[in-house]
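> Sequence:
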Amino acid sequence: MALFALIYRYIDDPDAVSKHRPEHRAYLRSLSEGGELLVAGPLGEPGPAGGLLVLDVESAERVQQIAEDDPFHLHGVVTERTVQQWTVSIGADRFPAQLSTP
Numbered sequence: 001m002a003l004f005a006l007i008y009r010y011i012d013d014p015d016a017v018s019k020h021r022p023e024h025r026a027y028l029r030s031l032s033e034g035g036e037l038l039v040a041g042p043l044g045e046p047g048p049a050g051g052l053l054v055l056d057v058e059s060a061e062r063v064q065q066i067a068e069d070d071p072f073h074l075h076g077v078v079t080e081r082t083v084q085q086w087t088v089s090i091g092a093d094r095f096p097a098q099l100s101t102p
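Quick note on the UniProt record's numbering: the sequence shown kicks off at 1 and runs consecutively.
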């Protein structure tokens, strides 16, 4: 397993974001309960509205599939997404025991 950061940028329509947020959060809860999602939350100012998910999955392809299945994506809320593999080098003790650092 590897850690990945999935960064979303949202449309400039707070009403649409709010409308689909409950379904999006239910989806994220299911990923968390399944052990793939470690943490997630909105990104604040400065910059455009968006979100950050930290995933513990087998591949970047799995991250892409998770993003494709997200209700925010399905309803057109996500305008841009970035996937990057991530290594915890400082503060690993704050994460679940299964995480390792190089």
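Worth flagging that the hints you see were computed from the coordinates, not collected in a lab. Here a beta-carbon is modelled for each residue, glycine too, at the ideal position from N, C-alpha and C. Mixed in with the good hints there might be a few duds.
Pairwise CB distance ranges, derived in the manner of DEER restraints [as the list claims (entries may be wrong)]:
1) Gly44 to Pro22: 13 to 23 Å
2) Asp15 to Asp56: 29 to 39 Å
3) Ser89 to Lys19: 22 to 32 Å
> If a hint holds in the structure, say so; if it doesn't, say that too.
Checked hints:
For glycine 44 paired with proline 22, a C-beta distance near 20 Å keeps the hint of 13 to 23 Å intact. Checking the proposed 29 to 39 Å range against aspartate 15 and aspartate 56 shows it holds: the Cβ atoms sit about 33 Å from each other. Distance hint check for serine 89 and lysine 19: the Cβ-Cβ separation is about 39 Å, which falls outside the suggested range of 22 to 32 Å.
Checked against the numbered hints given earlier, this structure breaks only hint 3.
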